[in-house]
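K.L.:
Protein chains in written order, with the working numbering: chain R, 1 to 217; chain Y, 1 to 217; chain A, 1 to 233; chain L, 1 to 233.
Just so you know, the hints here were simulated from the structure itself, not pulled from any lab data. Just so you know, even glycine gets a beta-carbon here, dropped at the ideal spot from N, CA and C. Please note: incorrect hints may appear among the correct ones.
[Claimed, not checked] DSS-like cross-link-like pairs, simulated, lysine-lysine; straight-line CA separation at most 25 Å:
id : chain 1 : residue 1 : chain 2 : residue 2
1  : L       : Lys72     : L       : Lys140
2  : R       : Lys16     : L       : Lys46
3  : A       : Lys140    : L       : Lys184
4  : Y       : Lys168    : Y       : Lys185
5  : L       : Lys46     : L       : Lys132
6  : L       : Lys159    : L       : Lys5
7  : A       : Lys222    : R       : Lys120
8  : A       : Lys140    : L       : Lys5
9  : R       : Lys169    : R       : Lys120
10 : L       : Lys140    : Y       : Lys155
11 : A       : Lys169    : A       : Lys159
12 : R       : Lys155    : R       : Lys120
13 : A       : Lys159    : A       : Lys140
14 : L       : Lys140    : Y       : Lys120
15 : L       : Lys46     : Y       : Lys123
16 : Y       : Lys168    : Y       : Lys155
17 : Y       : Lys182    : L       : Lys140
18 : Y       : Lys168    : Y       : Lys16
19 : R       : Lys123    : A       : Lys5
20 : R       : Lys155    : R       : Lys168
21 : L       : Lys5      : L       : Lys132
22 : Y       : Lys169    : Y       : Lys185
23 : A       : Lys169    : A       : Lys222
24 : R       : Lys123    : A       : Lys73
25 : R       : Lys182    : A       : Lys140
26 : Y       : Lys16     : A       : Lys46
27 : R       : Lys168    : L       : Lys159
28 : R       : Lys168    : R       : Lys185
29 : L       : Lys169    : A       : Lys169
30 : R       : Lys123    : A       : Lys72
31 : Y       : Lys169    : L       : Lys140
[Claimed, not checked] Listed next, the stretches of chain A that the computed footprint assigns to chain R, with coverage defined by at least 3 CB atoms under 8 Å from CB atoms of chain R:
id : stretch
32 : 176-182
33 : 185-199
[Stated by the list, open to error] Simulated DEER-style distance windows between Cβ atoms:
id : chain 1 : residue 1 : chain 2 : residue 2 : range
34 : A       : Val194    : L       : Pro195    : 38 to 46 Å
35 : R       : Thr180    : A       : Asn42     : 38 to 46 Å
36 : L       : Pro195    : Y       : Gly18     : 39 to 47 Å
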Amino acid sequence: MLDKTGIAQRIAKEVKDGYYVNLGIGIPTLVANYVRNDIEVEFQSENGVLGMGPFPYEGEEDADVINAGKQTITTLPGASFFDSALSFSMIRGQHVDLTILGAMEVAESGDIANWKIPGKMVKGMGGAMDLVASAENIIVAMMHTNRAGESKLLKRCSLPLTGVGCVKKIVTNLAVLEVTPKGFKLLERAPSVSVEEIQKSTEGTLIVEGVIPEMTL
Amino acid sequence: MLDKTGIAQRIAKEVKDGYYVNLGIGIPTLVANYVRNDIEVEFQSENGVLGMGPFPYEGEEDADVINAGKQTITTLPGASFFDSALSFSMIRGQHVDLTILGAMEVAESGDIANWKIPGKMVKGMGGAMDLVASAENIIVAMMHTNRAGESKLLKRCSLPLTGVGCVKKIVTNLAVLEVTPKGFKLLERAPSVSVEEIQKSTEGTLIVEGVIPEMTL
Amino acid sequence: MINKKVANINEALQGVSNNMTFMLGGFGLSGIPENAIAELVNLGVKGLTCISNNAGVDDFGLGLLLQKRQIKKMISSYVGENEEFERQMLSGELDVELIPQGTLAERCRAAQAGIPAFYTPAGYGTEVAEGKETREFDGKMYVMEEAFKADFSFVKAWKGDSAGNLIFKGTARNFNPVMCGAAKITVAEVEELVPLGELDSNQIHIPGIFVQRIFQGEHYEKRIEQRTVRQRD
Amino acid sequence: MINKKVANINEALQGVSNNMTFMLGGFGLSGIPENAIAELVNLGVKGLTCISNNAGVDDFGLGLLLQKRQIKKMISSYVGENEEFERQMLSGELDVELIPQGTLAERCRAAQAGIPAFYTPAGYGTEVAEGKETREFDGKMYVMEEAFKADFSFVKAWKGDSAGNLIFKGTARNFNPVMCGAAKITVAEVEELVPLGELDSNQIHIPGIFVQRIFQGEHYEKRIEQRTVRQRD
Numbered sequence: 001m002l003d004k005t006g007i008a009q010r011i012a013k014e015v016k017d018g019y020y021v022n023l024g025i026g027i028p029t030l031v032a033n034y035v036r037n038d039i040e041v042e043f044q045s046e047n048g049v050l051g052m053g054p055f056p057y058e059g060e061e062d063a064d065v066i067n068a069g070k071q072t073i074t075t076l077p078g079a080s081f082f083d084s085a086l087s088f089s090m091i092r093g094q095h096v097d098l099t100i101l102g103a104m105e106v107a108e109s110g111d112i113a114n115w116k117i118p119g120k121m122v123k124g125m126g127g128a129m130d131l132v133a134s135a136e137n138i139i140v141a142m143m144h145t146n147r148a149g150e151s152k153l154l155k156r157c158s159l160p161l162t163g164v165g166c167v168k169k170i171v172t173n174l175a176v177l178e179v180t181p182k183g184f185k186l187l188e189r190a191p192s193v194s195v196e197e198i199q200k201s202t203e204g205t206l207i208v209e210g211v212i213p214e215m216t217l
Numbered sequence: 001m002l003d004k005t006g007i008a009q010r011i012a013k014e015v016k017d018g019y020y021v022n023l024g025i026g027i028p029t030l031v032a033n034y035v036r037n038d039i040e041v042e043f044q045s046e047n048g049v050l051g052m053g054p055f056p057y058e059g060e061e062d063a064d065v066i067n068a069g070k071q072t073i074t075t076l077p078g079a080s081f082f083d084s085a086l087s088f089s090m091i092r093g094q095h096v097d098l099t100i101l102g103a104m105e106v107a108e109s110g111d112i113a114n115w116k117i118p119g120k121m122v123k124g125m126g127g128a129m130d131l132v133a134s135a136e137n138i139i140v141a142m143m144h145t146n147r148a149g150e151s152k153l154l155k156r157c158s159l160p161l162t163g164v165g166c167v168k169k170i171v172t173n174l175a176v177l178e179v180t181p182k183g184f185k186l187l188e189r190a191p192s193v194s195v196e197e198i199q200k201s202t203e204g205t206l207i208v209e210g211v212i213p214e215m216t217l
Numbered sequence: 001m002i003n004k005k006v007a008n009i010n011e012a013l014q015g016v017s018n019n020m021t022f023m024l025g026g027f028g029l030s031g032i033p034e035n036a037i038a039e040l041v042n043l044g045v046k047g048l049t050c051i052s053n054n055a056g057v058d059d060f061g062l063g064l065l066l067q068k069r070q071i072k073k074m075i076s077s078y079v080g081e082n083e084e085f086e087r088q089m090l091s092g093e094l095d096v097e098l099i100p101q102g103t104l105a106e107r108c109r110a111a112q113a114g115i116p117a118f119y120t121p122a123g124y125g126t127e128v129a130e131g132k133e134t135r136e137f138d139g140k141m142y143v144m145e146e147a148f149k150a151d152f153s154f155v156k157a158w159k160g161d162s163a164g165n166l167i168f169k170g171t172a173r174n175f176n177p178v179m180c181g182a183a184k185i186t187v188a189e190v191e192e193l194v195p196l197g198e199l200d201s202n203q204i205h206i207p208g209i210f211v212q213r214i215f216q217g218e219h220y221e222k223r224i225e226q227r228t229v230r231q232r233d
Numbered sequence: 001m002i003n004k005k006v007a008n009i010n011e012a013l014q015g016v017s018n019n020m021t022f023m024l025g026g027f028g029l030s031g032i033p034e035n036a037i038a039e040l041v042n043l044g045v046k047g048l049t050c051i052s053n054n055a056g057v058d059d060f061g062l063g064l065l066l067q068k069r070q071i072k073k074m075i076s077s078y079v080g081e082n083e084e085f086e087r088q089m090l091s092g093e094l095d096v097e098l099i100p101q102g103t104l105a106e107r108c109r110a111a112q113a114g115i116p117a118f119y120t121p122a123g124y125g126t127e128v129a130e131g132k133e134t135r136e137f138d139g140k141m142y143v144m145e146e147a148f149k150a151d152f153s154f155v156k157a158w159k160g161d162s163a164g165n166l167i168f169k170g171t172a173r174n175f176n177p178v179m180c181g182a183a184k185i186t187v188a189e190v191e192e193l194v195p196l197g198e199l200d201s202n203q204i205h206i207p208g209i210f211v212q213r214i215f216q217g218e219h220y221e222k223r224i225e226q227r228t229v230r231q232r233d
């Protein structure tokens, strides 16, 4: 079974040379730490920066240079700043190659719910709805089940949706799955996790074809 | 009767302090020469410049600094360059206060035709359709009649339209007229031009109320 | 050049009154119009509708207006990090309309550009699209969204000149440029008002035509919301 | 940073073929992609649809492609100053679609921004609106216009870097920025390719994400169409 870091490590393998990547808050943010350093990748943040670098050294924080999580950041040579309209032109116009974000629920149709729990304080969708509605390549990073042990991979989402039919791939603490017209196709098992365990934790249709390899990080 | 310079001079009096002005090609271009120099006005050109100055001195022309007529220009301190989308945001978004352009025909409804003569080579509307559809304040600069002596102020335009119901004021070689719901209201006569002459040259409804003053330049 | 410089903050906010709709730039606490917000608190105008990506924190940014209950409605994409906001929202004192961030930016830009409506894929199939027209283009579904209408835009830039030309810095740019000219009156505050001609004409982010009033802010706190650093090796 | 630099003009135009749709930046002869046009003439591709505000003059700009009858259709706002163009248009060899300049710019920008359609007042009540959907917003009539679709955008910038970041100069900017990322592949040619990091991150007009290929043009004639000067006093 993977921890959050493990999920981020596995997703990092999906990041290819030449990709522009938008990382959501939480596990997705960690992905940046594990991308191979022999490939060129640029991270976009929807508040208006392309080419993000590491966090600044203490004392070098700049209130005018933050990411979408409002964290102070640095930029790399060749980075650019731009306004929110142009930032979402990048996203809506499908210029960002890969979007990685968290979810509360994913349905086998590719629907995703990650912004609102009825009855609880709703903070808002931020840029998530634009990202999921536009991106051609969306990977969801999440735990396979919620704190109550219930599956987050469902036949249908029970929570208000963020987007419909948009998720392509899911990496959880238990498995890597692809969203297909017939359901969640199991691609890889997390180390020492059995297909049966994954099946038990998946409420939506799980497609198991042939031998399912254990993932490598 | 006014010549083209006179028309430009008369229109220049319509330019008020603090106006952003877009000048069309032909007579309108001349208006810039006659604007009072105790007021602040900025000229916008739809190819992407605000704050145009005079033509450059010989030898100082820059192929990268032109106006919408493709003429080499200079800019004043405080000028700005921008792309075509932002330029038409200024126009379409009604940030430009006054548009002055020529016309082949104007109808008493405020319709204007100035881009196409069927059967002749059509060069295109350029930015004229955006300008007339958007501007809140449009002044047409033109001769009162065409070369054949026919009125250009009509009940209805005979040529393909550039815009509908948009012209507010017309300055010709004979008169200053306002477009009203009831027709062309005569505001001023050109020097030594009689109301009868204006009436004779106006095919559309001409409204003459009281004594019509002779214009001053 | 047309002079947009106002004498002081009072003059900058002249005409502001109760029940108006404002646009306010900023993402989190970065690039917010600190001085305009402070003066809105001073003026005590109430019943405001604020279009702003976020709602500040309890004791800074729009949180200051929330504390005084001057805001009737927030139109935002994300409103976390604010307890007073949460209290007012849950009690029903505050009306909140949450919309996707890209749609928020584009509805500002549409107002600036004289585009009354446009189509976006964001929110299709979600409650955001409820009651809105949807439409298919090339096999994909989109939602029609309309331009915002607002009385004042309050934006904050890094540098500006008396002609109203603006330059922003880093990610403090965010929503500020697209809100310029998107309301009836745009009030720009800048960290530094420079002499006319000092800004490079080729590098102006927002030409002065989109700005009606400009002034140099007295003081900028520029508070950092999430100070995140790494250790030196 | 992702490297967008190509070795030469051949590589820059790889994939170009007959019957494609191109966007080409420039206003008049200012800011046109001179090197890309020259190479398109060399390649001899035919049946082209060109989206460009103007059509060049007889012996420069798109006029060079017209001379070789490589263009099947022009989508422009103004096409004067070109006798060969006029001849081909009147003879029916060349199809010409004239659209308002602001609509041309916005349809490019819509393609760049993933906006499939928008409403504009330009052309309402004229033949430009024939066959198009019209609609009322707040008592004013608008025409629905759709985003362009194109195979290649050829743009010309002043400076650029290997990450594809671009800076334009003066009014040579015009349509170039809005065409970046508006076609499947954007090819940018620059007067000067500078080392990565030399361009100020805060002053980049078009971030490299909108550009797939970049190269420094071998030579720029930068012809002036209407040389207009005043005499020294």
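K.L.:
Can you confirm whether the C-alpha distance between R/Lys155 and R/Lys120 stays at or below 25 Å?
P.N.:
Distance of about 23 Å is within 25 Å: holds.
K.L.:
Between the alpha carbons of A/Lys169 and A/Lys222, is the straight-line distance 25 Å or under?
P.N.:
Roughly 12 Å separates the two Cα atoms, so the pair holds.
K.L.:
Are A/Val194 and L/Pro195 spaced within 38 to 46 Å by their CB atoms?
P.N.:
violated, 29 Å
K.L.:
Does L/Lys5 lie within 25 Å of A/Lys140 when you go C-alpha to C-alpha?
P.N.:
The hint is violated at about 34 Å.
K.L.:
For A/Lys169 and A/Lys159, compute the direct alpha-carbon distance and say whether it is at most 25 Å.
P.N.:
Holds, because 8 Å separates the two Cα atoms, which is no more than 25 Å.
K.L.:
Holds or violated: Y/Lys182 with L/Lys140, Cα cutoff 25 Å?
P.N.:
Between Y/Lys182 and L/Lys140 the Cα gap is close to 21 Å, so the pair holds against 25 Å.
K.L.:
Can you confirm whether the C-alpha distance between Y/Lys169 and L/Lys140 stays at or below 25 Å?
P.N.:
The given pair, whose Cα atoms are some 20 Å apart, holds under the 25 Å limit.
K.L.:
Within a Cα-Cα threshold of 25 Å, do A/Lys159 and A/Lys140 meet the stated pairing?
P.N.:
violated, 42 Å
K.L.:
Going straight from one Cα to the other, do A/Lys222 and R/Lys120 come out at no more than 25 Å?
P.N.:
Roughly 31 Å separates the two Cα atoms, so the pair is violated.
K.L.:
Within a Cα-Cα threshold of 25 Å, do R/Lys155 and R/Lys168 meet the stated pairing?
P.N.:
Holds. R/Lys155 to R/Lys168 sits at ~15 Å (cutoff 25 Å).
K.L.:
Decide if the proposed pair is consistent with the structure: Y/Lys168 and Y/Lys185, CA atoms, cutoff 25 Å inclusive.
P.N.:
holds, 11 Å
K.L.:
For the pair supplied as a hint, Y/Lys168 and Y/Lys155, is the alpha-carbon distance within the 25 Å limit?
P.N.:
With Cα atoms ~15 Å apart, Y/Lys168 and Y/Lys155 stay inside 25 Å; holds.
Violated hints for the displayed structure, listed by number in ascending order: 1, 2, 5, 7, 8, 9, 13, 14, 19, 21, 26, 27, 33, 34, 35.
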